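K.L.:
When you get a sec, could you build the whole thing from the sequences and use the hints?
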Amino acid sequence: MRGAFFLAWRHLLHHAGRSAVIVLAIAVIVAVPMTLRDVISAADARLTERAEQTPLVIGAKGSRLDLVMSALYFGEDRPEPLGYREVDRIWDTGHAEAIPVHLGFYAADAPVVGTEVDYFRFRNLEIAEGRGLAILGEALVGSEVALREGLSPGSAVISTPQNLFDLTGSYPLQLNVVGVLAPTGTADDQAVFVDIRTSWVMEGIGHGHDDLVGADARAVEFQVITAENVDSFHFHGDVGAFPVSAIIALPFDQRSSTILRGQYLNEESIAQVAVPREVIAGLIETVFAIAQLLDRIVLIVGGAALLAIALALHLSIQLRKKEMETAFRLGASRIVTLQLVAAEVVILSALAGTLATLAIWLARTQFADTLLEILAT
Amino acid sequence: MIDIADLEFRRAGGFRLAVPALTIADGEKVAVVGPSGTGKTTLLNLMAGLLLPDAGRVTVGGVAVSTLSASQRRAFRARYIGQVFQDFELVDYLSAAENILYPCRISPFLPVTSDLRQRAKTLARDMGVEDRLARKPAALSQGEQQRIAICRALLAEPPLILADEPTGNLDPDNKDRILDILFAQAAASGATLVTVTHDHDLLPRFDRVVDFADFVRVAA
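Residue numbers (numbering that gives the first Met the number 0), protein chains in the order written: chain A, 0 to 376; chain B, 0 to 219.
Derived by calculation from the structure, the hints in this document are not laboratory data.
Errors might be hidden in some of the hints.
From chain B, some residues computed to sit far from chain A (all C-beta separations above 10 Å) [claimed, not checked]: (1) Q85; (2) L93; (3) D125; (4) D198.
Once the Cα atoms are required to be at most 35 Å apart in a straight line, the calculated DSBU-like pairs of lysine-lysine come out as [stated by the list, open to error]: (5) K135(B) / K60(A); (6) K120(B) / K28(B); (7) K320(A) / K120(B); (8) K60(A) / K28(B).
Values in this document were obtained by computation on a predicted structure and should not be read as measured data.
Here a beta-carbon is modelled for each residue, glycine too, at the ideal position from N, C-alpha and C.
P.N.:
And the structure:
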């Protein structure tokens, strides 16, 4: 068979273009469904794990999926904000801890998450470098953001407004990086955390005096909170009305959880409660249903492609009939044709398998995150 | 070298070849002539064991070819017979060097050895195509292609060379040159050469001419 492999290799090289197309076709047929399964499984595991760690999420009525994805993954589709008084109300029920999550701003190409110190304890987030949040205007950055943007304690990032045509008059805020979080392999690695009051400053609810930095008075660029001016920062209005995007509720026990959930069954309530585990399970079910549909499509397309490849090999054999006859006359067995075809199939399969494995590996390492991002947005 | 006796071969369509007796001595250069369709190529195929006679005996180098098994006949062809074809029958996707070694790639009876590789180079040098070894057939002239084909036929130093109109597709200059090479190589290795040809101008160069018209009988 060594001779057959040599000849098969030479034949494939002679028809390099055709061989490349066949290898690519086989690799795609193999890699696409496997990659899809792999990426979905990885995403499923990661989504489910974080969902199961988050008992309840409370937010304005609307899409439960948007609510959960924004609270867990800081997604772009956010529900309408609730007033901060809902956080106090949950605490006051005595059934759960309440952790506010404020979203809407971005810094260092990452979502800015306004929350309270309880969030870091709840998510077991450790500070790898620097210290925790102490005053307004400070930020803790996720490990991936820090790595990507080269941030460390002492760095500063500027928040971007909620939209390009922000007419509310809120200026971008310089966020002073005081710490970098240890990597967790979750969405927390890809976020910038600030105290929720800092988020409200970015909203324009709170402000200080003499805090604007710019080339001149007519071209103000951003706000800066420093040790010198932090005391001048203050908020106007009722804190209870200040916005939170979602509230993570941590019931003290099952009974508390049931009672708390029952409180949101009232149709007149402007808030709703979502169980992330259930919402994510529904999402995963939908994704798997789509994946199954894709599997069937890939199966049909793959079958057609394999038939085309078989036809190409058959035509190749037909074109090589004269060579086979010469080989027989020179002392080869009649089965040399089968040997050559088998050798070509083995080589093509090996190359395609290698390519498919590489693609699957790349997908496993690269695209699982991408899928999570797609689902989160 | 070759001893044929009472040979009969029939093929569908009424073709019948009968050779009562034909003997070719070791080292002899024999031309086989005759009208088209009379079975000249069939006779070469019978000598090579590619076809089996319906009756009679074909002995090559003391071996009764028709008594060999299929596997033995393949080994016999690979080791004892060098074949040259009219249209060269080189493999288009292999270089000239790889084409010379082609029999080693398709037959388990002729493994590639360093000696054979060296012989391939020597043959190519003797044929004047040493600088063409890296080229594929499409990049070779017809004369060069036939010389490569002859190198392939002589690779295993076969005692018998069967050439089926080896100069049929060549221009007059190349014809003489190829025949010179074939004769020289056959003489150098002491091989017997049986050549089918339609070119009667070449016949004086052979030791003997066998006219096929004497053998053919078309069935009624």
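K.L.:
Against each hint, give a clear statement of whether it holds in the structure.
P.N.:
Now the hints, each set against the structure:
1. The Cβ of Q85(B) sits about 12 Å from the closest Cβ of chain A, beyond the 10 Å cut-off, so the non-interface label holds.
2. Listed as a non-interface residue, L93(B) fails to keep its Cβ farther than 10 Å from every Cβ of chain A; the least gap is roughly 6 Å.
3. No beta-carbon of chain A is positioned within 10 Å of the beta-carbon of D125(B); the least distance is around 21 Å.
4. The non-interface label for D198(B) is consistent with chain A: the shortest C-beta to C-beta separation is roughly 22 Å, beyond 10 Å.
5. With a CA separation close to 75 Å, the supplied pair K135(B) and K60(A) exceeds the 35 Å bound.
6. For the given pair, K120(B) sits about 25 Å from K28(B) by alpha-carbon distance, which is consistent with the 35 Å threshold.
7. Annotation: proposed proximity of K320(A) to K120(B) holds, straight-line Cα distance about 28 Å (limit 35 Å).
8. Of the pairs offered as hints, the one joining K60(A) and K28(B) is violated, with about 102 Å between alpha carbons and a cut-off of 35 Å exceeded.
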